Amino acid sequence: MASARHCIATLLCLLAATTVAADDFTIGVVSPQKGPYAVLGTQIDAGAGIGAALHGNRVVRVPDGCEAADGAEIARQLIEAKAQVATGFLCTESLEAALPALKEAGIPAIALGVRSDILMEDALKNGWPLFRLGPSQAAEVQKLASVIGTVWSAEPFALVDDGAIGNHDLVERLRVALEESGVKPVLMDTLRPGQDQQLTLVRHLSSAGVLRVFVAADRDDIAVLARDLIEQAAPISVLAGSTIETTPEAIPLPAGVQGLVVKDPAQDPANADLVKDMRVKGVEPEGYVLPALAAQIVADQALAAAGSEGKPLIEVLTGRAFDTPVGPVRFTDRHELTENPFVIQQWNGKAFVAPPAQ
Numbered sequence: 001m002a003s004a005r006h007c008i009a010t011l012l013c014l015l016a017a018t019t020v021a022a023d024d025f026t027i028g029v030v031s032p033q034k035g036p037y038a039v040l041g042t043q044i045d046a047g048a049g050i051g052a053a054l055h056g057n058r059v060v061r062v063p064d065g066c067e068a069a070d071g072a073e074i075a076r077q078l079i080e081a082k083a084q085v086a087t088g089f090l091c092t093e094s095l096e097a098a099l100p101a102l103k104e105a106g107i108p109a110i111a112l113g114v115r116s117d118i119l120m121e122d123a124l125k126n127g128w129p130l131f132r133l134g135p136s137q138a139a140e141v142q143k144l145a146s147v148i149g150t151v152w153s154a155e156p157f158a159l160v161d162d163g164a165i166g167n168h169d170l171v172e173r174l175r176v177a178l179e180e181s182g183v184k185p186v187l188m189d190t191l192r193p194g195q196d197q198q199l200t201l202v203r204h205l206s207s208a209g210v211l212r213v214f215v216a217a218d219r220d221d222i223a224v225l226a227r228d229l230i231e232q233a234a235p236i237s238v239l240a241g242s243t244i245e246t247t248p249e250a251i252p253l254p255a256g257v258q259g260l261v262v263k264d265p266a267q268d269p270a271n272a273d274l275v276k277d278m279r280v281k282g283v284e285p286e287g288y289v290l291p292a293l294a295a296q297i298v299a300d301q302a303l304a305a306a307g308s309e310g311k312p313l314i315e316v317l318t319g320r321a322f323d324t325p326v327g328p329v330r331f332t333d334r335h336e337l338t339e340n341p342f343v344i345q346q347w348n349g350k351a352f353v354a355p356p357a358q
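Per the working numbering, residue 1 is the first one in the sequence shown, and the count goes up by one each step.
It should be emphasised that the hints constitute simulated quantities derived from the structure, not laboratory data. Since we're looking at a predicted model, the values are computed, not measured. Check each hint, because a few of them may be wrong.
[What the hints assert, rightly or not] Okay, derived cross-link-like pairs now, BS3-like style, lysine-lysine, Cα gap no bigger than 27 angstroms in a straight line:
(1) 103 x 263
(2) 125 x 263
(3) 82 x 34
(4) 281 x 311
(5) 281 x 350
(6) 125 x 276
(7) 34 x 281
[Unchecked claim] Label-pair ranges, simulated between beta-carbon atoms:
(8) 176 x 280: 22 to 28 angstroms
(9) 188 x 312: 55 to 61 angstroms
(10) 284 x 203: 22 to 28 angstroms
(11) 255 x 200: 35 to 41 angstroms
Built from N, CA and C at the ideal position, the CB exists for glycine as well.
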């Protein structure tokens, strides 16, 4: 693994001085260029650009407006450009609308940020060529149920959500998974979002004797609750869902809050040379940069193998291991990652790090 990543870093060092042998594949990159997700689109474009340059491939950049109405145009541009694989995709609505046409054109989509379980179920049912290079909603429930069902099983705990459809659904699915294993919360409650204090919820948790609470809500609301628990000297530890990864806004997150996150590949020692060289070239390996690079590597290796072995691209993508900066990538026959990418980490005031041993 380390040697392959060192090879990537070495190639980056040589790009300015030498011509990389071209694989000559055409790979689409679908990313938001405007609106609230534009910064993430910039990250995807940066990682994809590095990956394409490493392999001598052509990148076709297609803007994603993140609306269902954009799907047909996304597919049209990819097909017109003769893209062989499409990567990127942060938005469920536009991806879902594009997939039928991508199926007809034989263009697999490697999605980085779409977590919808329903979309993947529809894709499998309809034969849409969707592969998910990132976590699913089911993966979040599985990881949380595993942690809460073991580490928390002997302690009184609560499950809290902010009433938003996605967060409420997560908590309900988590509750069912826990109860199937014989573990039940002592309290189910709702957090009122957008408040400058959460003292009522703090009292509810304290009165129920709760020692741990899982919260599915926006990061700022979690920060307010954690702050109030500390100020009220309530001995209750907080675990947040994957929403904790969203960009902080007005309320600092107190140190000690734990969250379900996708481990940052830039912190992996095996990527040290790669990260260093990217920074020298002015590319900060944050957010979707390294996952987008990984998607390019997967696409390139799969296309090369399909050509040399005379196999369908979908067959090559399914079940084969690809060595990438985000670790080994292997898709199941349901086009999901074989390894759950979620980990529990703890906020230290500046970043999420490995929590103390429990």
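Structure-based check of each hint:
Between the alpha carbons of residue 103 and residue 263 the distance comes to roughly 32 angstroms, so the proposed pair goes past 27 angstroms and is violated. Using a Cα cut-off of 27 angstroms, the hinted pair residue 125 and residue 263 is violated, with the two alpha carbons roughly 31 angstroms apart. Between residue 82 and residue 34 the CA atoms are separated by roughly 25 angstroms; this keeps the pair inside 27 angstroms, and the hint holds. A distance of roughly 37 angstroms separates the Cα atoms of residue 281 and residue 311; the hinted pair therefore is violated under the 27 angstroms criterion.
Distance check on the hinted pair: residue 281 and residue 350 sit about 25 angstroms apart at the alpha-carbon level, within 27 angstroms; holds. For a cut-off of 27 angstroms, the pair hint linking residue 125 to residue 276 is broken: about 43 angstroms separates their Cα positions. The hinted pair formed by residue 34 and residue 281 meets the criterion: a straight-line CA distance of about 25 angstroms does not exceed 27 angstroms. The hint said 22 to 28 angstroms for the Cβ distance between residue 176 and residue 280, and at roughly 49 angstroms that hint is violated.
About 47 angstroms separates the C-beta atoms of residue 188 and residue 312, a value inconsistent with the hinted range of 55 to 61 angstroms. The hint said 22 to 28 angstroms for the Cβ distance between residue 284 and residue 203, and at roughly 43 angstroms that hint is violated. The hint said 35 to 41 angstroms for the Cβ distance between residue 255 and residue 200, and at roughly 24 angstroms that hint is violated.
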